[in-house]
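A.B. asks: So the sequence lines, in the order shown, correspond to chains A and D. For the first sequence, my numbering assigns the number 1 to the initial residue and increments by one for each residue that follows. For the second sequence, my numbering assigns the number 1001 to the initial residue and increments by one for each residue that follows.
FYI, nobody ran anything at the bench for these hints, they're computed from the structure. There may be inaccurate statements among the hints.
[Unchecked claim] In silico SDA-like links for lysine to any residue, alpha-carbon gap of 25 Å or less: (1) A/188 <-> D/1045; (2) D/1105 <-> A/200; (3) D/1193 <-> A/25; (4) A/297 <-> A/282.
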Amino acid sequence: MSSPLANAAPLLQIEGLSVSFETPLGRVKAAQDVCFDLREGETLALVGETGCGKSVVASAIMKLLPHNASVQGRAVFAGRDLLALGEKEMARIRGSEIAIVFQNPSLALNPIMRVGEQIAEMLQVHKGVSRSRSLQMAEDMLSRLGLVKKETASMYPFQFSGGMNQRVMIATSMILSPRIIIADEPSKGLDGVLAGEVMVEMARIKDQVGASLLLITHDLLLARDISDRMAVMYCGEIVEIGKSREVFSEPLHPYTNALLSCLPERGFQPIPGSSPSMIEPPAGCKFHPRCPQKQDKCMRRPEMVQVESSGEFSGANESTGREVRCWLY
Amino acid sequence: MLAVLKAEEVGKAYESGLIFKKRHIALRGITLEMVEGKTLGLMGVSGSGKTTLGMMLAGLEKPSSGRVLFAGEDIWRLRGREFLAFRRQVQMVFQDPEGSLNPRKSIERSIHEVLGLLKIPQREWLKRTGEILEMVGLPEELLCRYPAQISGGQCQRVALGRVLLLHPRVIILDEPTSALDISVQAQILNLLKDLQQELGLAYLLISHQPEVIRFMAHETIVLERGGIS
Chain A
1 MSSPLANAAP
11 LLQIEGLSVS
21 FETPLGRVKA
31 AQDVCFDLRE
41 GETLALVGET
51 GCGKSVVASA
61 IMKLLPHNAS
71 VQGRAVFAGR
81 DLLALGEKEM
91 ARIRGSEIAI
101 VFQNPSLALN
111 PIMRVGEQIA
121 EMLQVHKGVS
131 RSRSLQMAED
141 MLSRLGLVKK
151 ETASMYPFQF
161 SGGMNQRVMI
171 ATSMILSPRI
181 IIADEPSKGL
191 DGVLAGEVMV
201 EMARIKDQVG
211 ASLLLITHDL
221 LLARDISDRM
231 AVMYCGEIVE
241 IGKSREVFSE
251 PLHPYTNALL
261 SCLPERGFQP
271 IPGSSPSMIE
281 PPAGCKFHPR
291 CPQKQDKCMR
301 RPEMVQVESS
311 GEFSGANEST
321 GREVRCWLY
Chain D
1001 MLAVLKAEEV
1011 GKAYESGLIF
1021 KKRHIALRGI
1031 TLEMVEGKTL
1041 GLMGVSGSGK
1051 TTLGMMLAGL
1061 EKPSSGRVLF
1071 AGEDIWRLRG
1081 REFLAFRRQV
1091 QMVFQDPEGS
1101 LNPRKSIERS
1111 IHEVLGLLKI
1121 PQREWLKRTG
1131 EILEMVGLPE
1141 ELLCRYPAQI
1151 SGGQCQRVAL
1161 GRVLLLHPRV
1171 IILDEPTSAL
1181 DISVQAQILN
1191 LLKDLQQELG
1201 LAYLLISHQP
1211 EVIRFMAHET
1221 IVLERGGIS
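All chains, full assembly: derive it from the sequences and hints.
C.D. replies: Structure below.
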């Protein structure tokens, strides 16, 4: 099945992004040579286990990393390398052009400010909209996200459940109609049904405003259901990227295959061994100590290679963008 | 099949208000049996009383009505050695693996703490620690680390190892994998199954994930508004 987004122009290009942190225990290599494109209007899911470096990539794009981080590579947005921009310029881009939804809404929201005011503040600061008009717009956005009662906007975060606060976060990120929304584990802490509802609503509003969504999640089923493409990360590296349905039904990298085998419908088959240290990661392919198909050459680092899609996923006039980092291909 | 732990018409109510007392019924008329070598699944939406029931079965909360029976005896009538034996043999593993361990104690000290409480001679500690690490699939180099320095799945394995040192007959597992990644969840669930087969443990598995219950449980009960639906 061909996607209308397959040949869309890249809006954000991440090129060779590497992030490391100096810590008392040693240098943590949190992301290594990460490369991907986020196309106009698409949803790209960055999936992987906790601690594999997904959130570090998001924070690096937004330039929100702590001072002990060392960043290399480029994040090109609308012709400009975000990583080379000064703080003043970046502050203008954050929120208005690229917005981020953090994973813990209770910590991300101001506890002593009414939620309507927090959403409206974005409009007042970035667009100079009057207070009364911005509050009205905040109320409208909340009602689109299912918080329809008029008094909702005048309530405080502590009066809301986790799910309601997450919707406030989403409203805050979308109120300025940004071109890119980065959602970092937006469904974390929400129970299954609510997580699904919030994500469907988020995807709907994203389509309405015509934004692209970079979804960072460890929830594989959520990623499959709402993303166009999926990039799988392991130990700071992207090991496979492709259309979500294709990655799910025909995983190429042994890690992707092992990760999908952990899903309930595939019988909770565990991956042997444990995730490697990010301070002293294995040489070569980082998955090789746990890989059932390892060979001698896995001790050398494989490059990302393009792979032709097969069957229903191949398209005559489009780039399928299927890539994998494994010596088997 | 031998029922090790039973709940008979167990209920729990809380009172609120200083002057005008209001009674909230959290659970009412719950009857269930836990059998050696079997897993009883307990499902229900948030706030349906799953954890409260688990705490009452573990003897950490007193029921407002009904009885919890361990080996045929009402646990709230047990005294002295009998009560200690109950405490040892009915254990609970909680949802938050990091919160289950003392952040200021290394993994080795956390394990040794249990061995000390069991009055096991110090010369045997090394051997027993090694055995328990092997049972839960942890490497020895983890012993010198602190809970914040190991992963959530490893913390949950340590918590499980500490529980196993007590040779329990019943383990109440309160959402033991809901804070973990799917890959770690698969590891822990398979480990729990293997341990059950090896040691004949009875599990009460509290979860809101139907697929986890389907994978683990021999029988399932669903709580709804404080009762079994």
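A.B. asks: Determine for every hint whether it applies to the structure shown.
C.D. replies: Here is how each hint holds up against the structure:
1. A/188 <-> D/1045: 17 Å, holds
2. D/1105 <-> A/200: Cα-Cα ~43 Å, so violated.
3. D/1193 <-> A/25: It is violated: about 36 Å lies between the C-alpha atoms, which goes past 25 Å.
4. A/297 <-> A/282: This hinted pair holds, its Cα atoms lying about 13 Å apart.
Hints 2 and 3 from the list above are not met by this structure, while the remaining hints are.
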